[in-house]
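Next come the chains, spelled out residue by residue.
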Amino acid sequence: MILSRTLTPTACAVLLAACGGSDRIVDVQEARAVKRPAPRLDATSAERFAPPRSESAPMGGSQSGAEPFAYALPQGWAKLSRVPMRDINLTAPGEVQCWVSVLPPSSTALAHLARWHGQLGLPAPDATAIDALPRVPLLGGEAMRVDLRGADGTKRLIASMLLAPARQVFVRMEGAPDAVEAQLAALRRFEESLREAPVVAGGDGSDEPEPAFGWTVPPTWKAVTPGPMMLQQFDLGDEVKCWLTLLRGDGGGTENNIARWCGFAGKAPLGSDEIEALERWDVLGARAIYVPLLGDDGKPGLVGIMIPLATHTLYVRMSGSSGALKGRLEAFKTFCTSLERRT
Amino acid sequence: MKPVLQKILAVLAGFPLAVGLLFFTFIATWLGTLAQKDIGLLEAQHKYFESLVYIGPEEALFGFLRFPLPGGMLLMSLLAVNLVLGGIVRLRKSWSRAGILVMHTGVVMLLVAGWVRLEYAEDGSIGLLEGERGDEYVAFHEYEVAVGEIGAEGVVREWVVADEALRAASGTSTSTASFAGQPLRLTLSGFALNARVVPAGVMPGTRSATVDGFSVQTLKPEAEAEFNLPACYVTAFREGDSAQGGILWLGARQPWTVRAADRTYVIELRKRRYPLPFSIELVKFTHEYHPGTNMPRHFQSDVLVHDGTGAPQPQRVRMNEPLRRDGFVAYQHQFRDTGSTQLYSELQVVKNPADQWPLWSLIVMTAGMLAHFVTKLVRWIVRETETLQAGATR
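Chains A and B, in that order, give the protein sequences. Residues in the first sequence are numbered consecutively from 1, following our numbering. Residues in the second sequence are numbered consecutively from 344, following our numbering.
Don't read these hints as lab results, they were simulated from the structure. Certain hints may be false.
Unchecked claim - EDC-like cross-link-like pairs, simulated, lysine to aspartate or glutamate; straight-line CA separation at most 20 Å:
| id | chain 1 | residue 1 | chain 2 | residue 2 |
| --- | --- | --- | --- | --- |
| 1 | A | K35 | B | E465 |
| 2 | A | K267 | B | E402 |
| 3 | A | K79 | B | D381 |
| 4 | A | K333 | A | D235 |
| 5 | A | K35 | B | E501 |
| 6 | B | K627 | B | E473 |
| 7 | B | K614 | B | E465 |
| 8 | A | K79 | B | E569 |
| 9 | A | K241 | A | E276 |
| 10 | B | K694 | B | E402 |
| 11 | A | K35 | B | D466 |
| 12 | A | K35 | B | E487 |
Chain B extracted, bound-state conformation (with noise of 0.2 Å):
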């Protein structure tokens, strides 16, 4: 190997660089946290768990001292890569090393299951009233507008235009979606992450576009992202027809109606949704608050999930012990007390490949080190023995 590369493999595999990345580390769970208050969770949560290099702290030292640090991400893939060529591949194999290595193995598929977390879980929540039943839970940050084809019954089919393609329409650019075999094309623009749509000459002086009378006021988002609502302009260009101009916005009251050739579509902008291959059904929800406060000392949830394969199933969903199906997971997320005798009971469901991965890796952990300080306890107790032996020979 060129010295080079081998310097680089030592640096990257070095002990000085892992007490480094775990001293960065410590810096960005203390400001993050700070953070957490000026910005809130999400976006501190964005900014510094899972950014490559963030600038803090929020409030800088002395008025006027910032740093670009090192975020989450790339700490924990330096860190993955350090363990990985340190802690594995360059260690030293021998049996008795053999518990370190099986520790950092579980180390390392620990950073990966966070990863993959990070990269491909779907999370939102389900809220159900005692005897409602859902088949689909609604994400917490994410958006899509959803085009709706009227039928008989109602709506009968629909189209969605996912949260990438919602966000990308914002500033000058654009994003126009076509849907298969429909009379209909939409283009999106001037996407607000929060905003409100106001009467047009309410705010004079903003620059926004009218439509209909009204336009769209972008606001500062809310610290708290759940509290959001964005909007955007579309417009409908209907086949053999004229383009028909409106806006989208998350806190309309009612769906914005398009008609192109006979056929008749509601459209609208809204949290996202995401499909569950079964329906959970809320039988009953039950709570106590801690005496004389406010603070709920345990809530859960007995619900019926029903897979349409055979009697529903039911399950008690409680703190730490959740609802796992077919790849799922809904926790007790909170309530809502509404005044009333129904109570509200909010489920948090998460699709995460990596599941029980923290489990597994953390058995390894355990095993790892349970064989460590065998190891190290039977060649102690040798030694001992050994020693005692020689002094009774002499």
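For reference, chain A alone in the conformation it holds in the complex (with noise of 0.2 Å):
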């Protein structure tokens, strides 16, 4: 470990250099004086590392490395940027905003709900309130239900309220009333599907060999070089790529990483009456899911498929535009089919 931790930089560094890079040499001449208390010293790597509350979203899952739960998105519904105190941002239809927070405990049940009466201009909430409030299951826990109408009737509020002693969690819809009720089953769908992302600690968290794989290259592809997480890449001209990548587990989902291919295609998400309809593969021994999601010619597309091994899965993706894509899907079924185990 130490020797791991001295001479892989140190390599690293020096194989940059040899490489033809530039190195940049700075003299720091100035220092400010300062005065803060220290810090935790020696903490180590996977200390050091653990990933924030924020930052823990499960393997495979959204690239953004934010979202702390892992969840199924309702059909219709579609991922927002992050804002701050927002740690899921979600939107329905209908103009439906819903979203999840997750806070330090700071306050109190009754706090909360007297804020959001006050946001729909309502009179504040008595003490005996909370009592009244149904219960609702929500991350293993029992959450308090909130639902709140606006003085004015033109908003609905709605709010799982889980306080646990080390963190409160919040999930809320916000929006008109009749939209908000078109939402209801969905969201109850999607508080069932919410559960903790996978916590990454120190080491690879498995002592399973990494599965190695060997195919048959399509004459008019060229190998080029991979980017992050993938196993390799190709050019296959006319801007489009198909990739590789190899995932832990299920790598986050199967509905999850169909719904993100979806967005990047342009598409809204598929139902779970679709994705069962979609076509399967045999590769590889296993029944690969076969996802086509393809748009007019000028527009972006994407086909994958997905195949679950015993400790992986392994996805295999050609994206570029549709028009592109479509004279290339039997070459791209060629390579898939070639697909095999090499250890």
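With the hints as a guide, bring both chains together as one complex.
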């Protein structure tokens, strides 16, 4: 371990310099006098890089690295950029907003309820209001369910509050009353799907050997430098790329990954019935799910397969304009079906 | 003057160039605004408004058509040249055109103010809870590697490797920093603007180096640039001791500890911090929502400014009423409802040498327009009076 800590970066630095890169020399002369309490010294790498609450995204899920929970996105809902106080930020049909916030244990349920009452122009709740709130299951615990309508009747707020000693989790939905009513079932499904993202600790978390694969490259495909997370990447011409990635376990979930792919291809997420109806290919002894996401010729498209293996999931994806992809579907299938295990 | 030079001067000072520049400014503004939804505000700003040339639009026309177009920096520079040459130098000087001359001078001042803001302003934010006091502000999109020396009372001295050196340590390049009189030298490499640090093997197939069982996994930069979490590899060369390798990451929970020649250092990658020559204490933060919504109607911070010379001075900071002091301007930027009774107020702090220049340039332009229109009015009155008199005489 010590050898690894010492030699690897040194070797990297030397090799990088030897590869033709430049080395900028900086002489820092000025020291700033400061007075700050000492931070924790000698923290291990596992302690330093343990994902903070807001960074513990599911492996293979969103690459924004920001969402604290894994979940299934209801059909018709879409993810929005994170904003302060919204660790998961979603939108549902009818301009309904839904978000999840995780806070340190900073306040009481009554204080939260009073704040929401204030926001909706309602009179402050009394202390007994909390006891009257119904309970719903959330993240393995029991959350208080709040259902409020604004004083002027234009807004409805639904919130689930899970107040634990270590943190407070809020699922909020807001919008016009009718639109919120239409999303209640989806909200329930969303809440039920919420689960803790796997916490990454030191080590790779598995003793399973990493599988290796072989394949037959179609004649016109050209291997290029793989990007991060890729096993291999090919340039197919016309700005079409094909690449393989391998993730542990289910890679964050079939539905989540397909929803993300749909987002890339500019399409609405597929529902479970649509996913069920997708074509299956026999690849590497598994029933691989074939996901063609193609549009008009000029529009971006994505074609991929998900191959569930014993300990990992292998993904092969091809992206580019839909028109260019359509002409390469046969070659893609030939490539995928040529995959074989090497270990 | 040689004919060729005269022709170039005529083009640069000409009205057609001004019209063309304004047309392309409209195009850049239009495409840059649309691009914000695809590439984020900061990237769109860099690409469309601070560049010499850009390739646009983001969404190719008919799926394939994209053009190289003049960027904001080129357009504004040429416009400044055009105004100086055509609107000031070559303008026929007379009292009747004095107002136009003054107006053009005001526009040039405005363009120069924009350039000074772009090149020399430092901006960031300071976030405070009620009762807290801060004397430094944190950049939005710049980073630094801070090396703090541990003394008897905690971190007592700090050296900083600046953003430029950190970013230079990307690809196959490295940056090596030494610190005056310290038994420590750092070599930075493999800088990634947005990354996560993962246990080696969790992402099979990554080509990153592994240090102490962890690797840097490069991610696509976030559309909202302030959410990026940069990382880099670092090697500490210690006087009389072996080298020590590590990873620095903005998202790290603890700094990296290095010991060299009986001294202890904590090293961290963080957002760049700018010191203030005074400190700001948040006394009270108040806000109000529009009824029935989460939209703030107004919010303001009552602060005390401590400059060490006397009693702290109270100041209210709210929309359009910033705190101005010693060349720094602090605007009420945003607040965060932490869900508790304590609210977190964030002030945007800008050190801009040209802070008041736009105001002055507007005053100059207004004066120019007034002079021009008054001159025109007087001439019209004189002419009309003469016409009437001539008619009466006949």
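Against the structure, the hints come out as follows:
This hinted pair does not check out: A/K35 and B/E465 have alpha carbons roughly 24 Å apart, beyond 20 Å. At most 20 Å may separate the alpha-carbon atoms for a hinted pair to count; A/K267 and B/E402 meet this at roughly 16 Å. Pair hint A/K79 plus B/D381 holds up; C-alpha atoms about 15 Å apart against a cutoff of 20 Å. At most 20 Å may separate the alpha-carbon atoms for a hinted pair to count; A/K333 and A/D235 meet this at roughly 16 Å.
Distance restraint check for A/K35 and B/E501: the Cα-Cα separation of roughly 10 Å lies within the 20 Å cut-off, and the hinted pair is therefore satisfied. Under the criterion of a C-alpha separation no larger than 20 Å, the hint pairing B/K627 with B/E473 is consistent with the structure, at around 6 Å. This hinted pair checks out: B/K614 and B/E465 have alpha carbons roughly 13 Å apart, not beyond 20 Å. A hinted pair counts as satisfied when its Cα atoms are at most 20 Å apart, and A/K79 with B/E569 qualifies at roughly 18 Å.
Restraint check: the Cα-Cα separation between A/K241 and A/E276 comes to about 27 Å, which exceeds 20 Å; the hinted pair is violated. Distance hint between B/K694 and B/E402 is unfulfilled; the C-alpha atoms sit about 36 Å from each other, more than 20 Å. With a CA separation close to 24 Å, the supplied pair A/K35 and B/D466 exceeds the 20 Å bound. A C-alpha spacing of about 19 Å is found between A/K35 and B/E487, which places the hinted pair at or below 20 Å, so the restraint holds.
This entry does not satisfy hints 1, 9, 10 and 11, going by the numbered hints stated previously.
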